[in-house]
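Turn these sequences into a full structure, and let the hints steer you where they fit.
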Amino acid sequence: MTWNALIYFAAGALLLWGAGAALAMKYNTKTLPAVMTTAGLIVFFFFIAALWHSLERPPLRTMGETRLWYSFFLPVAGLLTYLRWNYRWILSFTTLLSAVFIVVNIVQPDIHDKVLMPALQSPWFAPHVIIYMFSYAILGAATLIAIYYLVREKQLNNKTGILQTTDNLVYAGIACITLGMLMGAIWAKEAWGHYWSWDPKETWAAATWIGYLLYIHYRLKKNSSDKTAMILLLIAFLLLQICWYGVNYLPSAQQSIHTYTS
Amino acid sequence: MAHSSRKIWKQPWGYTEGYLAGTGICLSGCILQLSAGNIEPALYAFPVNSIMGALFVTGLLSVHLLAGMKRIVRWLSGVYATTPALVVLLSLSVILGLIPQFPQGTANEPRLSTFFTSLGWYQMTTSWPFVLISFYTLAILGLTILRRTAQKQQWRDIGFYLNHFGLFIAFLGGILGSADMERHTMTVREGAVEWRSDHSPGEIKELPLAIQLDSFLIEAYPPKLVIIQNETGKMLPASRPDSYLFEGVAKTTQLAGCTVEIIDYLAHAAVFRDSAFTNVVPMLMEGAAEAIKVKVSKPGLSQPVEGWVSNGSYLFPHIVLQIDEANSVAMPQQEVRKYTSYVTVYTKGGTTRQAVIGVNKPLSVDDWMIYQYSYDDSKGKYADTSVFELVRDPWLKVVYTGFFMLLAGALFLFITGPKKRLS
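These protein sequence lines are chains A and B, in that order. Using the working numbering, you'd call the opening residue of the first sequence number 372 and step up by one each time. Using the working numbering, you'd call the opening residue of the second sequence number 9 and step up by one each time.
Be aware that one or more of the hints could be misleading.
List time: in silico PhoX-like cross-link candidates among lysine-lysine, alpha-carbon distance up to 25 Å [to be verified]:
1. A:598 x B:427
2. B:242 x A:485
3. B:18 x A:592
4. A:485 x B:301
5. A:525 x A:593
6. B:356 x B:213
7. B:232 x A:485
These aren't lab readings, by the way, just hints derived from the structure by calculation.
If you want it as structure tokens, here you go:
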């Protein structure tokens with residue numbers, strides 16, 4: 372399976388996800404939207420698995436490959452949020468955001484070859500990146516809810532419920548970020564000799580982590596402003612974007628050993 | 009922010025005082041930085057760091073025991089102090105993430121903006137503001153943990169302790185331990201024994217370990233073929249270069265608009281070339297190159313072009329096959345799949361150990377870890393000189409204790425989620 376086949380699988384998956392999102396908006400039963408979304412996930416994961424097989428290495432090395440996982444995990448996070456907290460609109464948003472990343476991958480494909488540099492040949496590679504991509508998707512869902520809140524603040528009647536949902540998502544997300552970060556640290560000790568070197572990627576990972584810690588601690592006070600909390604979520608997500616790919620465009624990036632484009 | 013008409017510094021304190029304290033500490037750090045310059049970690053090496061750590065923890069304990077109920081301590085162990093401290097720490101981290109960092113002692117520090125240099129922004133992690141705000145955050149963290157111990161314990165507190173105490177241990181251990189960390193590189197040729205680290209000329213550091221490099225092996229990925237532009241040497245298509253990873257003879261592939269057929273392959277070849285003539289023959293010897301014979305056709309080409317392509321070696325030149333005026337087939341340098349050192353390590357204590365060291369496969373001997381750092385690539389895949397990094401970090405166990413508590417804490421957080429609110 373080559374990267375060129377992505378467009379067909381992506382089209383199939385997006386159709387199913389779109390149908391799931393539309394059904395969720397229209398009907399009250401959750402079964403059909405869940406079945407549709409899951410079917411889309413299976414189609415999309417089949418592509419990832421086939422790509423993995425043909426590259427003979429985990430497809431997690433290039434930015435495009437991480438976007439691929441992100442596109443996959445977004446509907447997962449959306450589906451969990453929908454099933455657990457019953458937000459009918461979340462599936463439309465996660466599908467849309469997933470589509471954006473798929474389009475980027477189709478319009479601007481990376482070079483995907485079998486090469487896996489020695490530093491990446493480690494059992495930590497797949498769990499470290501996959502758990503990060505999963506947390507990014509969960510926190511992406513939290514961000515979508517924050518935007519929804521900020522745009523419609525005046526019309527909303529269940530603000531407490533919305534904030535409880537973002538709390539839940541952020542706790543799950545930061546738990547995964549912490550796991551990903553510590554796995555990365557233990558791996559770095561094995562590969563580079565030190566668990567923390569303040570490599571630009573690590574610095575931004577720490578900044579992202581502090582960003583979400585700020586949200587969590589700010590929310591502990593009962594008199595905290597809901598709006599400020601939602602704005603904190605946007606700032607933290609911005610830090611996350613810099614950590615994920617923005618860091619490559621910063622002046623500090625010239626020193627990063629965290630770059631793996633061949 | 010404080011909502012009441014309460015004056016600043018009047019109890020009970022809120023966010024305003026938190027931000028004033030945080031920025032105040034940061035500014036004090038700046039003044040120290042401007043007057044005293046960067047922190048020299050070596051000055052804090054054992055036993056200074058251990059004493060400092062013990063004093064710090066004792067200080068926190070005494071504050072908690074003697075003044076735990078005082079308003080200021082309660083404030084310091086709460087959200088009103090924590091959040092601003094995190095905001096200041098985050099701001100410095102953002103600067104650290106934006107500005108390139110130059111380790112101390114390196115000559116290539118930027119000369120342009122001397123203001124950044126005086127503020128220590130090019131060596132943020134050893135600058136006074138960064139270290140002071142880290143200790144301030146740690147103090148808040150420590151007091152918060154101590155305050156929680158005085159409350160009625162619930163099962164949920166397991167998560168609190170794992171996360172907060174784990175972070176405290178890892179953070180404090182990491183800062184203090186950085187002064188004791190030793191890192192050296194060592195270059196060893198095949199067959200030789202080395203016990204001195206690579207240092208600037210005239211300065212030799214003898215290590216308590218000696219490494220004998222029995223053999224050094226490089227495994228490369230199969231060769232690749234690409235189409236290049238004759239004039240510039242750039243790979244085509246320029247927007248997203250196409251390449252073909254060799255998979256065996258008699259295969260055909262499409263590359264940048266050309267049809268390339270693999271006719272023959274030599275894993276060990278000698279390449280002879282002068283201005284008029286190129287000859288490629290099999291030759292089993294060190295320094296032999298890999299070569300692929302291809303037949304290329306392209307729309308507009310009257311007949312296919314056939315010939316050898318090779319990326320050469322330190323003995324033989326590389327050869328490209330010219331297709332027409334504009335393009336050629338070329339073989340770029342192969343990418344390295346793996347490099348491994350077979351070593352015998354001797355310690356001062358008299359033990360001898362044979363081992364294999366590779367990337368992601370360090371060797372642990374006494375309290376040292378030996379890493380495969382790099383190699384001398386002037387001979388390409390026939391490299392015979394390996395570079396190791398030797399690292400000693402006596403505080404690693406402390407930091408890892410914190411890490412494992414945090415790992416457990418993260419799992420706890422993932423499963424239990426946030427505290428249910430009553431409202």
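To see whether the hints hold, each was checked on the structure:
Restraint check for residue 598 (chain A) and residue 427 (chain B): satisfied, since their Cα atoms lie roughly 20 Å apart, inside the 25 Å limit. Of the supplied pair hints, the one linking residue 242 (chain B) and residue 485 (chain A) holds, its CA atoms being roughly 21 Å apart against a limit of 25 Å. For a cut-off of 25 Å, the pair hint linking residue 18 (chain B) to residue 592 (chain A) stands: about 20 Å separates their Cα positions. Taking the CA atoms of residue 485 (chain A) and residue 301 (chain B), the gap is near 22 Å; set against the 25 Å cutoff, the hint holds.
Distance check on the hinted pair: residue 525 (chain A) and residue 593 (chain A) sit about 21 Å apart at the alpha-carbon level, within 25 Å; holds. Distance hint between residue 356 (chain B) and residue 213 (chain B) is fulfilled; the C-alpha atoms sit about 15 Å from each other, no more than 25 Å. Restraint check for residue 232 (chain B) and residue 485 (chain A): satisfied, since their Cα atoms lie roughly 11 Å apart, inside the 25 Å limit.
Consistency note: the structure conflicts with none of the earlier hints.
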